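Visitor: Kindly produce the complete structure, drawing on both the sequences and the hints.
Chains as they are written, first to last, in my numbering: chain A, 28 to 108; chain B, 4 to 150; chain C, 613 to 878.
Derived from the structure by calculation, the hints contain no laboratory data. From a predicted model like this one, the values you see are computed outputs, not experimental measurements. All residues carry an ideal CB built from backbone N, CA and C; glycine is no exception. Just so you know, not all the hints are guaranteed correct.
Which residues of chain A face chain C? A partial, calculated answer using Cβ under 8 Å [unchecked claim]:
(1) Tyr34
(2) Ala85
(3) Val86
(4) Gly89
(5) Asn101
Using 25 Å as the maximum straight-line C-alpha spacing, the simulated BS3-like pairs for lysine-lysine come out as follows [claimed, not checked]:
(6) Lys41(B) - Lys51(A)
(7) Lys141(B) - Lys103(A)
(8) Lys41(B) - Lys103(A)
(9) Lys141(B) - Lys614(C)
(10) Lys614(C) - Lys51(A)
Single-letter residue listing:
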Amino acid sequence: MIPIFDYIILIFMVIAAIISLKVKDLLSASMVFGIYSFLICLLWAEMGAVDVAFTEAAVGAGVSAVFLIATVYNTKRRSSD
Amino acid sequence: MKEFFETSIEPHFNYWVYVILMMIGLWAVIAKNNLIKKLIGMSIFQTAIILFYVSVGVKKGSGIPIIPKAKEAAAGAGEHGAAGAVNPDLFANPLPHVLMLTAIVVGVSTLGVALAVAQQLFKDFGTLEEDEILEQIKTADKASPDG
Amino acid sequence: MKWFALIAVVITGSLLIYGVSDFPDWGDAQSPANAGAKSSTGEPIGESVSQFYITETGRLTHVPNLVTAVLADYRGYDTMFETVVIFAAGMAIFAILRVLREDKHTLGPPAKDTTADGDHGRIIVGTTCKILIPVIQLFSLYVVAHGHYSPGGGFQGGVMLGASFILLAVAKDLGSALTWFTEKRFMTLACVGILIYAGFGLMAQFLQRHFLDYGVLHVILPKTDEVMARSHSMLGVEIGVAFTVTAIMFAIYANLSSRGELKRGL
Numbered sequence: 028m029i030p031i032f033d034y035i036i037l038i039f040m041v042i043a044a045i046i047s048l049k050v051k052d053l054l055s056a057s058m059v060f061g062i063y064s065f066l067i068c069l070l071w072a073e074m075g076a077v078d079v080a081f082t083e084a085a086v087g088a089g090v091s092a093v094f095l096i097a098t099v100y101n102t103k104r105r106s107s108d
Numbered sequence: 004m005k006e007f008f009e010t011s012i013e014p015h016f017n018y019w020v021y022v023i024l025m026m027i028g029l030w031a032v033i034a035k036n037n038l039i040k041k042l043i044g045m046s047i048f049q050t051a052i053i054l055f056y057v058s059v060g061v062k063k064g065s066g067i068p069i070i071p072k073a074k075e076a077a078a079g080a081g082e083h084g085a086a087g088a089v090n091p092d093l094f095a096n097p098l099p100h101v102l103m104l105t106a107i108v109v110g111v112s113t114l115g116v117a118l119a120v121a122q123q124l125f126k127d128f129g130t131l132e133e134d135e136i137l138e139q140i141k142t143a144d145k146a147s148p149d150g
Numbered sequence: 613m614k615w616f617a618l619i620a621v622v623i624t625g626s627l628l629i630y631g632v633s634d635f636p637d638w639g640d641a642q643s644p645a646n647a648g649a650k651s652s653t654g655e656p657i658g659e660s661v662s663q664f665y666i667t668e669t670g671r672l673t674h675v676p677n678l679v680t681a682v683l684a685d686y687r688g689y690d691t692m693f694e695t696v697v698i699f700a701a702g703m704a705i706f707a708i709l710r711v712l713r714e715d716k717h718t719l720g721p722p723a724k725d726t727t728a729d730g731d732h733g734r735i736i737v738g739t740t741c742k743i744l745i746p747v748i749q750l751f752s753l754y755v756v757a758h759g760h761y762s763p764g765g766g767f768q769g770g771v772m773l774g775a776s777f778i779l780l781a782v783a784k785d786l787g788s789a790l791t792w793f794t795e796k797r798f799m800t801l802a803c804v805g806i807l808i809y810a811g812f813g814l815m816a817q818f819l820q821r822h823f824l825d826y827g828v829l830h831v832i833l834p835k836t837d838e839v840m841a842r843s844h845s846m847l848g849v850e851i852g853v854a855f856t857v858t859a860i861m862f863a864i865y866a867n868l869s870s871r872g873e874l875k876r877g878l
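Guide: Spelled out as structure tokens, the structure:
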């Protein structure tokens, strides 16, 4: 519960979310989504939810990014928007 | 300035950011054309809701929900009455954490199902853009009006 | 479509921000969710279940990590069916993607290593993974077994154990991960996990208590009383969850990366 730390992470999260939706290369979008997951995991650790942060670090940043990359590899890498 | 910040912005700033994240996710799900982008938007929407739940259980000045020396604390409670030993204000509320922990893992497996459907669509239509898929369905309908 | 989306999103967002202004302050320890509902004069009119969890878990189960205790014991029914949802997701992916018929024309010729440096990159990656994967697997087993005392438990440990097999599949190829962890084995493991969880519940029922009421298992488990039986049963239940999550995470990756053919992968 350190307010400044909290605000910086929240603002970075909004920026990461917008970038991952704006970038046209889907591989980059998946990687930026991984960064978003790590930021959210940091926020949860800061709020005292250690179990949730652990789960997000393993699931959101690790496995779901791998799933997205596997799908992008098997389909198309460019996106129109 | 500092007083204004503490009384009107600080108590609700976190909730505002979650609403903004939720809006970004919802906008992506409705307006984005690429299906993978839609799924990323769906995940952002989901994490915003999970953040909202977890922040409901936050207590200022509390620690993580792990009681050190649970046995000794329990023995102390036995001596001084039922609720003597563990002060609930010192530990974060564990209930939202439990609900959201399972939601994250279920969320990733449903993301997997959605990605599998997207791959199957790519196999059938050769593209992941929503408007191109709709176009192909329309032309196929025109070619065979009986359906 | 974009303008419609923007208008819908702005309306939803402004309604939500208006609703949020009535919320208790962020981090308020006396808010209804944390301390129970209060009447307008400040009299408590209902007890908060989370306060019960915090004060009584240590006495009733001797488990320090409240999250594990609530997850595996108080809300065990919920967690069991979350595990079933994960299992069902794995089955759905199997139904959507898996190609069981041998069809030679879908993938084309197998990829050859045409990079300029040949095998050199793979030596570094392969050696690193050979050292790293056992450490990851050991740590994930520690996370499962130590979930009572520190952050962790079945879901986290299971995902990490699955991720170690995914790392092997990414670093070498899917086939070398599938030589030991074959499809038959991981599908069996997923079923066994849920059966372990449900078995603990049914055992309590055979001993004439409610489903998933672990306290009565002290009759079977050696050298335990009612309190420690709950603690040990939580460990068993977490192991069941870890089995299912490990198997399903690897199954999802294997099907997604090879378009359901389980052959080459990334």
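Visitor: With reference to the structure, classify each hint as holding or not holding.
Guide: Evaluation of the provided hints:
no.	hint	in the structure
1	Tyr34	violated (12 Å)
2	Ala85	holds (4 Å)
3	Val86	holds (5 Å)
4	Gly89	holds (5 Å)
5	Asn101	holds (6 Å)
6	Lys41(B) - Lys51(A)	holds (13 Å)
7	Lys141(B) - Lys103(A)	holds (22 Å)
8	Lys41(B) - Lys103(A)	holds (15 Å)
9	Lys141(B) - Lys614(C)	holds (22 Å)
10	Lys614(C) - Lys51(A)	holds (17 Å)
In summary, the one numbered hint that this structure violates is 1.
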